[in-house]
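*Asks:* Please build the complex by placing chain B on the supplied structure of chain A, with the hints as guidance.
Here are the chains, one letter per residue:
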Amino acid sequence: MANEALPDDFYMLMEDLQAIDFVLVELNLYLDTHPDDIEAVKQFNTFAQQSQTLRRTIEEKYGPLMGAGKSYSTFPWAWADPPWPWQV
Amino acid sequence: MNFTNRKTYTPFIGRYDPCQPLPVRAYETPPQLYLGFQPPGLEQFAPKEALKRGTLWPALFSPYTNPYEQP
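Taken in order, these protein sequences are the chains called A and B. Per our numbering, the first sequence runs over residues 561 to 648. Per our numbering, the second sequence runs over residues 378 to 448.
Read the hints as simulated data drawn from the structure, not as lab findings. Check each hint, because a few of them may be wrong.
What the hints assert, rightly or not - In silico BS3-like links for lysine-lysine, alpha-carbon gap of 30 Å or less:
no., chain 1, residue 1, chain 2, residue 2
1, B, K425, A, K630
2, A, K630, B, K429
3, B, K384, A, K621
4, B, K429, A, K602
5, A, K602, B, K425
6, B, K429, B, K384
7, A, K630, A, K602
8, A, K621, B, K429
Just chain A, with the same shape it has in the complex (with noise of 0.2 Å):
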């Protein structure tokens, strides 16, 4: 990817991440305390196979979201690549 512009999707996908992942930390702490809640383990399992596909989804469109074997890479090496986190 060169040094172009990204479109609001990419954005309005990143904030659905960030949402989610909001959430599943959220639900983290909650869990922490109340590890018998049955209602909030499958929230939290929801959660966390969305955050999973909604990953997957930016990934497959805009290149890896984390580095060192977390996210795939397409050939050539994408992990190099502009945007950088702290540049978008």
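*Replies:* Using the frame of chain A, we list chain B on its own:
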């Protein structure tokens, strides 16, 4: 008086205070102080709303407005 998370106190005002004194000071207390152990199944915000407000549960949301602002 209605219950509120915003509490006030009145500090001592020295006679040589170089600044305009604030006779009543306000401070915020967090909602979890009054909740006890969080009950399961509380009402939740939608994910984006939660992200914006910084909590998933309306019961734990604490708004902040300037207490010293003159209306």
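*Asks:* I'd like to know which numbered hints this structure contradicts. Please list them from smallest to largest.
*Replies:* The structure conflicts with hint 3 only, although it agrees with all the remaining ones.
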